[in-house]
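Residue numbers (the numbering used here), protein chains in the order written: chain X, 1 to 83; chain G, 101 to 183; chain P, 201 to 283; chain V, 301 to 383; chain D, 401 to 483.
Take the hints with a grain of salt, since some may be wrong.
[Stated by the list, open to error] Dumping the calculated SDA-like pairs for lysine to any residue here, alpha-carbon to alpha-carbon at most 20 Å:
1. V:K314 - D:I477
2. P:K214 - X:R5
3. V:K314 - D:S434
4. V:K314 - D:Q480
5. P:K214 - X:P46
6. P:K214 - P:E230
7. D:K414 - D:L442
8. V:K314 - D:K414
9. G:K114 - G:E128
10. V:K314 - V:E326
11. V:K314 - D:P446
12. D:K414 - P:K214
13. G:K114 - V:K314
14. X:K14 - G:G145
15. G:K114 - G:L142
16. P:K214 - X:R3
17. G:K114 - V:L342
18. V:K314 - D:A423
19. V:K314 - D:G408
20. G:K114 - V:E348
21. V:K314 - D:I407
22. D:K414 - P:A223
23. D:K414 - P:F262
24. D:K414 - D:G432
25. V:K314 - D:G445
26. X:K14 - X:E26
27. P:K214 - P:E226
28. X:K14 - X:P46
29. V:K314 - V:E348
30. P:K214 - X:K14
31. X:K14 - G:K114
[Unchecked claim] Have a look at the derived ranges for each label pair, beta carbon to beta carbon:
32. P:G231 - X:P46: 27 to 33 Å
33. P:E228 - X:E79: 44 to 50 Å
34. X:E18 - P:I207: 34 to 40 Å
35. X:G22 - G:P163: 20 to 26 Å
36. D:G447 - V:G364: 42 to 48 Å
37. X:T13 - V:S333: 32 to 38 Å
38. D:G464 - P:N209: 31 to 37 Å
39. G:P163 - X:G43: 44 to 50 Å
40. G:G143 - D:G464: 33 to 39 Å
These aren't lab readings, by the way, just hints derived from the structure by calculation.
Note that the structure is predicted; figures quoted are calculated from it, not measured.
Every residue, glycine too, gets a C-beta built ideally from N, C-alpha and C.
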Amino acid sequence: MLRARVIGNVWATKRLPEVPNGAFLEVEVEGGSSRMIAFDALGSGPGEAVLVATGSVAAAWFPGPHPPIDALIIGSIDEQPGS
Amino acid sequence: MLRARVIGNVWATKRLPEVPNGAFLEVEVEGGSSRMIAFDALGSGPGEAVLVATGSVAAAWFPGPHPPIDALIIGSIDEQPGS
Amino acid sequence: MLRARVIGNVWATKRLPEVPNGAFLEVEVEGGSSRMIAFDALGSGPGEAVLVATGSVAAAWFPGPHPPIDALIIGSIDEQPGS
Amino acid sequence: MLRARVIGNVWATKRLPEVPNGAFLEVEVEGGSSRMIAFDALGSGPGEAVLVATGSVAAAWFPGPHPPIDALIIGSIDEQPGS
Amino acid sequence: MLRARVIGNVWATKRLPEVPNGAFLEVEVEGGSSRMIAFDALGSGPGEAVLVATGSVAAAWFPGPHPPIDALIIGSIDEQPGS
Numbered sequence: 001m002l003r004a005r006v007i008g009n010v011w012a013t014k015r016l017p018e019v020p021n022g023a024f025l026e027v028e029v030e031g032g033s034s035r036m037i038a039f040d041a042l043g044s045g046p047g048e049a050v051l052v053a054t055g056s057v058a059a060a061w062f063p064g065p066h067p068p069i070d071a072l073i074i075g076s077i078d079e080q081p082g083s
Numbered sequence: 101m102l103r104a105r106v107i108g109n110v111w112a113t114k115r116l117p118e119v120p121n122g123a124f125l126e127v128e129v130e131g132g133s134s135r136m137i138a139f140d141a142l143g144s145g146p147g148e149a150v151l152v153a154t155g156s157v158a159a160a161w162f163p164g165p166h167p168p169i170d171a172l173i174i175g176s177i178d179e180q181p182g183s
Numbered sequence: 201m202l203r204a205r206v207i208g209n210v211w212a213t214k215r216l217p218e219v220p221n222g223a224f225l226e227v228e229v230e231g232g233s234s235r236m237i238a239f240d241a242l243g244s245g246p247g248e249a250v251l252v253a254t255g256s257v258a259a260a261w262f263p264g265p266h267p268p269i270d271a272l273i274i275g276s277i278d279e280q281p282g283s
Numbered sequence: 301m302l303r304a305r306v307i308g309n310v311w312a313t314k315r316l317p318e319v320p321n322g323a324f325l326e327v328e329v330e331g332g333s334s335r336m337i338a339f340d341a342l343g344s345g346p347g348e349a350v351l352v353a354t355g356s357v358a359a360a361w362f363p364g365p366h367p368p369i370d371a372l373i374i375g376s377i378d379e380q381p382g383s
Numbered sequence: 401m402l403r404a405r406v407i408g409n410v411w412a413t414k415r416l417p418e419v420p421n422g423a424f425l426e427v428e429v430e431g432g433s434s435r436m437i438a439f440d441a442l443g444s445g446p447g448e449a450v451l452v453a454t455g456s457v458a459a460a461w462f463p464g465p466h467p468p469i470d471a472l473i474i475g476s477i478d479e480q481p482g483s
């Protein structure tokens, strides 16, 4: 998994019908070298540190037919006060 | 998913018979560091900002036998006027 | 597989229910160029050199339904004294 | 998919028996930053611009048991005269 | 596939029980930019140029339940004398 920080939402009104409803969040991967868009079912918000799983395991998380989703926020990283 | 911008079409007259008919678009990944070719079923055009899913989830989107396609445009990113 | 060194634990109290209980370790990939978070079932500790498998093979290691886990520590690398 | 240019053939007399017979071509990925070896069933030649699909979708293209092949040339890119 | 050169063996006495017995070789990917550990069933030795397949196709090569292995040496590259 990658440690990343949520930057904000991305909206895509025009999309394939198989794309699930829900939040698509832009995140910056630890180190600041790259960004990606991940599906979020945890209500994550801007600035939050999250764990992102990528690849086919993200699609396999969804019940029923697997949607074309390759990045999923699986948890919110606990941060110590002051860190 | 990756945020990318459509550059233009790529044509491949000589191809494996299992490659589906449709548009193959060259896109530049956010940050400008790399380019890839993605299958498009949304009628995306040059300059459009899109969401690209990569890996086996792209092939699994196609009904029937999965074609050898590893990148799929799943949505068009809504852009604010002036952005 | 990647050769990596364990940096420390990562905790995620808020998480998807399908995420398995167990240790999530932050590791630094050989060469120091990148970090990732891997699931650990071997009791690995900080400073330990480990082998990390990534992608869907990590999820497939788990019995039952495959969780959204894309990195797994599969072994601890034997290190010569003094190395 | 990646846009790449064929550099030449690679031969591997000693190989796993599950590796299919056919051409293994070394290609340079667009931008010149990296090279890979892809299986080719289209008779591609040195200097040709090709589309390469990577990952498990390459293995899934083969009929029968999937061989340990993770890169496949799926098409030859049409190039305009003078380009 | 990646073209790589064998550097040496890696030993992991403490490992998951699903990890197969056999050789784990550290290889340097062509260009010298990165290293990885690949499973080897061909008796490859230090200095040898090899073809490495990565991802789930490596695990799928093994008969029976797929082990958590994401890199496999599939062949030894023939090298011309003097090259």
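Results for each hint:
{"no.": "1", "hint": "V:K314 - D:I477", "result": "8 Å, holds"}
{"no.": "2", "hint": "P:K214 - X:R5", "result": "15 Å, holds"}
{"no.": "3", "hint": "V:K314 - D:S434", "result": "24 Å, violated"}
{"no.": "4", "hint": "V:K314 - D:Q480", "result": "14 Å, holds"}
{"no.": "5", "hint": "P:K214 - X:P46", "result": "16 Å, holds"}
{"no.": "6", "hint": "P:K214 - P:E230", "result": "30 Å, violated"}
{"no.": "7", "hint": "D:K414 - D:L442", "result": "24 Å, violated"}
{"no.": "8", "hint": "V:K314 - D:K414", "result": "31 Å, violated"}
{"no.": "9", "hint": "G:K114 - G:E128", "result": "24 Å, violated"}
{"no.": "10", "hint": "V:K314 - V:E326", "result": "18 Å, holds"}
{"no.": "11", "hint": "V:K314 - D:P446", "result": "16 Å, holds"}
{"no.": "12", "hint": "D:K414 - P:K214", "result": "31 Å, violated"}
{"no.": "13", "hint": "G:K114 - V:K314", "result": "31 Å, violated"}
{"no.": "14", "hint": "X:K14 - G:G145", "result": "13 Å, holds"}
{"no.": "15", "hint": "G:K114 - G:L142", "result": "24 Å, violated"}
{"no.": "16", "hint": "P:K214 - X:R3", "result": "14 Å, holds"}
{"no.": "17", "hint": "G:K114 - V:L342", "result": "8 Å, holds"}
{"no.": "18", "hint": "V:K314 - D:A423", "result": "17 Å, holds"}
{"no.": "19", "hint": "V:K314 - D:G408", "result": "19 Å, holds"}
{"no.": "20", "hint": "G:K114 - V:E348", "result": "12 Å, holds"}
{"no.": "21", "hint": "V:K314 - D:I407", "result": "19 Å, holds"}
{"no.": "22", "hint": "D:K414 - P:A223", "result": "17 Å, holds"}
{"no.": "23", "hint": "D:K414 - P:F262", "result": "18 Å, holds"}
{"no.": "24", "hint": "D:K414 - D:G432", "result": "29 Å, violated"}
{"no.": "25", "hint": "V:K314 - D:G445", "result": "13 Å, holds"}
{"no.": "26", "hint": "X:K14 - X:E26", "result": "18 Å, holds"}
{"no.": "27", "hint": "P:K214 - P:E226", "result": "18 Å, holds"}
{"no.": "28", "hint": "X:K14 - X:P46", "result": "24 Å, violated"}
{"no.": "29", "hint": "V:K314 - V:E348", "result": "27 Å, violated"}
{"no.": "30", "hint": "P:K214 - X:K14", "result": "31 Å, violated"}
{"no.": "31", "hint": "X:K14 - G:K114", "result": "31 Å, violated"}
{"no.": "32", "hint": "P:G231 - X:P46: 27 to 33 Å", "result": "32 Å, holds"}
{"no.": "33", "hint": "P:E228 - X:E79: 44 to 50 Å", "result": "19 Å, violated"}
{"no.": "34", "hint": "X:E18 - P:I207: 34 to 40 Å", "result": "38 Å, holds"}
{"no.": "35", "hint": "X:G22 - G:P163: 20 to 26 Å", "result": "23 Å, holds"}
{"no.": "36", "hint": "D:G447 - V:G364: 42 to 48 Å", "result": "35 Å, violated"}
{"no.": "37", "hint": "X:T13 - V:S333: 32 to 38 Å", "result": "35 Å, holds"}
{"no.": "38", "hint": "D:G464 - P:N209: 31 to 37 Å", "result": "33 Å, holds"}
{"no.": "39", "hint": "G:P163 - X:G43: 44 to 50 Å", "result": "33 Å, violated"}
{"no.": "40", "hint": "G:G143 - D:G464: 33 to 39 Å", "result": "46 Å, violated"}
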